[in-house]
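If you read the sequences in order, they're chains A and B.
Start counting at 1 in the first sequence, then tack on 30, and there's your number in the numbering used here.
Start counting at 1 in the second sequence, then tack on 32, and there's your number in the numbering used here.
Hints in this document: simulated from the structure, not taken from any laboratory.
In this text, all values refer to a predicted model and were calculated from it rather than measured experimentally.
Don't take every hint at face value.
What the hints assert, rightly or not - One-sided and incomplete, this derived list gives chain B residues near chain A with beta-carbon spacing under 10 Å: (1) W174; (2) I201; (3) V212; (4) R261.
Ideal Cβ placement from N, Cα and C applies to all residues, glycine included.
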Amino acid sequence: MTYPVDLFWYLSLMLGAATFLIRLSFIAVMGRWTPGESMRRVLRFIPASVLSAIIAGSVVHGMDEGGGVLLQRVPAIIAAFAVAWKSRSVSLTILFGMGCYWLLGWQISN
Amino acid sequence: MKKHETQIVRGIRQALPLLLGVVPFGLVTGAMTMKVAAGYLEAQGMSLSIYAGASQLAVLQLVMQSAAFPVLLFTGVVINLRMLMYSAYVAPHFGHEKWHWKAVIAYVLTDQAFALSVPVIEDGLRGRSLREFYLGAAVTVWLCWQLTFAIGAQVGASIPASWGMEFIIPVMFLAMVVPVLVDRPSLCAALSAAITAVAFRNVPLNLGLLAASMVGVCTGVALEIRRER
C-alpha cells in the first residue's frame, strides 16, 4: 500500500523536526540541566516496551481474519527470538527468522 | 592541523566496525520504505529528515497496519526519546560550541555516535579534538546509513509482494530488543507490553500500542523501584 504523498511528507518533516529537537535539547541548554533519576528510569524502559509492543502487534495483525498467522508468524518469531537470545547477532536473527517464516509459508501453501 | 586530522581519521576508523550493524539495518529500512512511499524521492527524504532507523521502521509498520496519523507521529517520537539521554551526556562537552556546530552535532547524534563518544570522553578528550573525533565517527555512520538506505530502496522496489518481506520488520526489532533485556525489570517490561499489545490488538487507531507501551514502562519502573527497596 502506498501512503498519500502529502501525509508522507508531513510525517517525515514533523517526525524529523521532533527528533532533531530531542537530540538538540540538552546540547542547546549547554547541559546546565540534566535529567533526574525518575526520568532516567522511564527512558530506560521505553525501547524494550515500545519495540516489544510493535513486535507482538505486528505478529498477530490480521489474526482475527484468519490467514495462517498463528501457524506461520508465531513460530517464526519464536525461532527468531531464540536465535537472537543465543547469538545477539542481527544478521543471524534475520536469516533464521525469515528462513523459518518462508519455510512455514511454503509448507502451508503446499 | 595535523593533530586535528588525526582525530577525524581516528573517529572514522573507530566507526568502521559498527557499520556492520548499520548496513543490514539501512538496506532493510530502505527496502521497506519503498513499500509505502510514493517514490524514491519521498523515501530518501524521510531518511534524511528523520535519520533514526528504529522510529522509521516503526512508523512504516504502523502505516501498513493503517494506524492513524497522530499515532504514527507519537510512536515515532516516543521511540526517539531515548536520545534525550545521549544529548544530556554529550551536552557538557559540546555546550560551548557555536550554534551551527551544535545543530550538526545534534543531527548526527545516534546510538552509534553516542556509544563511540563515551570512551573518548571518559578518556578526557575535550574541545576541538573531541568535536573532530565525534564528527568523524558520526558522519561516517550517517553516510553509511544514507547510502545503504538508497541501495535498499532501489533493490526493495523490485522485491515481489508475495515474498512477505514485511515480516522482516518485527524480526529486525527483535534483534534490537533482545540486547536491552538485561535484567528482570526490562524483561518483564517487554513481556507485559507484548501481552497487552496482543490483548488490545482490536482497539481502533492502533491505540492499543500506546497502552501496551505504557504498561511496559510502568511495569519496568515499578519492579526496579521494588528491587531497590
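- Interface hint status, B:W174 versus chain A (Cβ within 10 Å): 12 Å, violated
- Does B:R261 pass the interface hint, meaning its C-beta sits closer than 10 Å to a C-beta of chain A? 14 Å, violated
- With chain A as the partner, please determine if B:I201 meets the hint condition of a C-beta pair closer than 10 Å. Since chain A brings a Cβ to about 6 Å from B:I201, closer than 10 Å, the hint holds.
- Task: Please verify that hint: B:V212, Cβ, nearest Cβ of chain A, below 10 Å or not.
- Result: Result: holds, 5 Å to nearest chain A Cβ.
Figure legend: structure checked against the earlier numbered hints; hints not met, in rising order: 1 and 4.
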